[in-house]
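Those protein sequence lines, which keep their order, are chains A and B.
If you count by the numbering used here, then the first sequence holds residues 32 to 292, one letter each, in order.
If you count by the numbering used here, then the second sequence holds residues 6 to 276, one letter each, in order.
Hints were generated in silico from the structure; no laboratory data involved.
Take the hints with a grain of salt, since some may be wrong.
Said to hold, decoys possible - Here are a few chain B residues that sit away from chain A, every Cβ distance over 10 Å (derived from the structure): (1) Arg9; (2) Ala34; (3) Ile48; (4) Tyr92; (5) Ser104; (6) Leu108; (7) Lys125; (8) Ala146; (9) Ile191; (10) Leu208; (11) Leu220; (12) Thr238; (13) Pro239; (14) Lys270.
To be verified - Simulated restraints, written as ranges between beta carbons of each label pair: (15) B:Gly235 <-> A:Leu138: 31 to 41 Å; (16) A:Met47 <-> B:Phe193: 28 to 38 Å; (17) A:Gly260 <-> B:Gly101: 54 to 64 Å.
Unchecked claim - To give a feel for the contact side, a few chain A residues facing chain B, derived at Cβ under 7 Å: (18) Leu57; (19) Ala58; (20) Thr69; (21) Leu71; (22) Gly85; (23) Ser216.
Built from N, CA and C at the ideal position, the CB exists for glycine as well.
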Amino acid sequence: MRFFKLLWVFLRVGVMGEVSYRANFLAHLIESALELGTALGGLAIIFAHTGNLGGWRPDELVTLVGVYFLVGGIIGLIIQPSMEQLTESVHDGTLDFVLTKPEDSQLLVSIWRLELWKLTDIGLGIAVLAVSLARLGERVGVKEAAAFAVAILAGGVIIYSFWLILATTAFWLVRVENILVIFQSVYEAGRWPVSIYPAWLRFALTFLIPVAFAITVPAQGLAGRLNWGTLAGAGAFAVLLFVVARAFWRIGVRHYSGASA
Amino acid sequence: MRGRASGLVDLYLQELKTSLAAMLQYRAALGIWLIGSILQPLIYLVVWSTVSGSGGGSVGPYDARDFAAYYIALMIINQVTYTWVMYEFDYRIRQGTFSTALLRPVHPIHTDIADNIASKIVSLPVMLVAAGAMTLLFHPAFRTTAWAAAVFVPAMILAYGVRFITEWTVALAAFWTTRSSAINQIHFMAVLFFSGQIAPLALLPAPLRIASYILPFRWSVGFPVELILGRLTPGQALTGLAVQAGWLVAGFGLLRLAWRGSVKKYSAVGA
């Protein structure tokens, strides 16, 4: 697989750059742990007053927090830095160097910059998931695990396609960093099951800024409260959005006029 | 003495003008930042309304409409007292841009206060529109009394003062460590829990609630919120004003102490 080979190359370069700042890693670990503490502390306060939140029991919401950190970590590790780099290079014309390379340009711009210390978020997310899995116990069987795997893959593809579409608008709008920032402030809404929000907000979080597919749906899968219709819908939406994003990227590249293009 | 005071007024007016012009240039950035500050109280409003819905209509002294009122008031009051000096200081010290500020004949805190006020002038109208929309959507129950509204004015001014001075002091940590972002994060977390943003302070477990009465965070956000919602007795309100005044004086003392030590520590190129 050329994809993994390329990813490995970028990963190695990233590690080489990052090991010179090892103390940074510790600082980021502390920050991620504090953020996780805030999330779990908030849950503790809420569940001191109720047994369930919109039908979600404490252990299930801890699962949701785990997914939130895991997906947030993946976005912060690959998607966000790469897409920001993309809008920057459209802006200053350095995208030329990518387009002249013999690899698929969409693939290259999707993994060309990694923010390695976000691995701490991924690690913490997996740890939280492991703990919550142990607490959910035998309620999580092969079926739930499979639903989770499919849901999180679909969610990842949806989020990636969404970011790529937004970043691709840079070919026309040039300055789109601000649009990208909106995602981060809205992502926080995903720390709670979208089912508790009023209809208009739930719609926005599902289709305008697809946080629901990335966090709520996989967590539902693991908690065994996902029906197959939703899962199939998430899969179909992922395929559709990916195709649209790829087509849009192609149009964008054709529209691109860099310094030497 | 008069000359110095009027000089300071001139300085504020000028800084306000400059900051306003800069803010209006970066409208998009401001708008996006506002989305975040509207969304966060909205999320907690929904979460707590949901909790009260499944708990037989209310949680402690709050029902769904009380939570709506609480978080709408909190959104506005938090916006008024909000500062971002900590994030800015980190950058200033690392990049050495603070050298110029130190050379000026007035204390750099004045520029920051003017800048902060300018941003509030631009952002508050937007927040009030958001508060209006949320009022239509969530039917909040405001139970303000006349005396509470009157006491609210000095409480707000004190709250702004306490928050600005304490956060400016914490921001000075950037002089001592190049990794002040971890300190900022801890502070941010403390604000979330102890100022009443994650939950109204009455709903916190006892140890946290008691801590919140002592720490400065409640006195810069939670106290004016509870006051304007008519949740405090006159006695509690007056005690609150006294604690606020106490924190203002203590914060001022700490600020002067920390400032003297910090500036000595500063060593940028050219300083």
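Here's how the hints hold up against the structure:
Every C-beta of chain A lies more than 10 Å from that of arginine 9 of chain B, the closest at about 41 Å, which supports listing it as non-interface. Against chain A, the non-interface label of alanine 34 of chain B is violated: not every CB pair exceeds 10 Å, the least being about 6 Å. With 10 Å as the threshold on Cβ separation, the claim that isoleucine 48 of chain B sits away from chain A is violated: the shortest Cβ distance comes to roughly 6 Å. With a closest Cβ-Cβ approach of about 13 Å to chain A, tyrosine 92 of chain B is found to remain outside the 10 Å limit, as its non-interface label requires.
The Cβ of serine 104 of chain B lies farther than 10 Å from every Cβ of chain A, with a closest approach of about 25 Å, so its non-interface assignment holds. Taking the minimum C-beta to C-beta distance to chain A, about 31 Å, the non-interface status of leucine 108 of chain B holds against the 10 Å cut. At the 10 Å boundary, the C-beta of lysine 125 of chain B stays outside the reach of chain A, the nearest C-beta of that chain being 19 Å off. At roughly 18 Å from the closest C-beta of chain A, the C-beta of alanine 146 of chain B stays outside 10 Å, upholding its exclusion from the interface.
Non-interface status of isoleucine 191 of chain B relative to chain A is broken: a Cβ of that chain comes within 10 Å, the nearest being about 6 Å off. Distance to chain A contradicts leucine 208 of chain B as a non-interface residue, since its nearest Cβ pair spans about 6 Å, not more than 10 Å. Here leucine 220 of chain B stays apart from chain A, with its beta-carbon at least about 16 Å from theirs, past the 10 Å limit. With a least beta-carbon separation of about 24 Å from chain A, threonine 238 of chain B lies farther than 10 Å from that chain, consistent with its non-interface assignment.
At the 10 Å boundary, the C-beta of proline 239 of chain B stays outside the reach of chain A, the nearest C-beta of that chain being 29 Å off. At the 10 Å boundary, the C-beta of lysine 270 of chain B stays outside the reach of chain A, the nearest C-beta of that chain being 20 Å off. Restraint check, glycine 235 of chain B to leucine 138 of chain A: a C-beta distance of roughly 60 Å breaks the suggested window 31 to 41 Å. The given range of 28 to 38 Å is respected by methionine 47 of chain A and phenylalanine 193 of chain B, whose C-beta atoms sit roughly 32 Å from each other.
Taken as a hint, the range 54 to 64 Å holds for the pair glycine 260 of chain A and glycine 101 of chain B, whose Cβ atoms sit roughly 58 Å apart. With its C-beta approaching chain B no nearer than about 9 Å, leucine 57 of chain A sits outside the 7 Å limit, and its interface hint is violated. At its closest, the beta carbon of alanine 58 of chain A sits 5 Å from a beta carbon of chain B; the interface hint therefore holds under the 7 Å criterion. Using the Cβ-Cβ criterion of 7 Å, the hint placing threonine 69 of chain A at the interface with chain B is satisfied: the shortest such distance is roughly 5 Å.
A cut of 7 Å between beta carbons decides the hint on leucine 71 of chain A: the least distance to chain B is about 12 Å, and the hint is violated. The criterion of a C-beta within 7 Å of any C-beta in chain B is met by glycine 85 of chain A, whose closest approach is roughly 5 Å, and the hint holds. For serine 216 of chain A, the interface hint holds, since its Cβ comes within 7 Å of a Cβ in chain B; the closest pair sits about 4 Å apart.
Of the numbered hints listed earlier, those contradicted by the structure are 2, 3, 9, 10, 15, 18 and 21.
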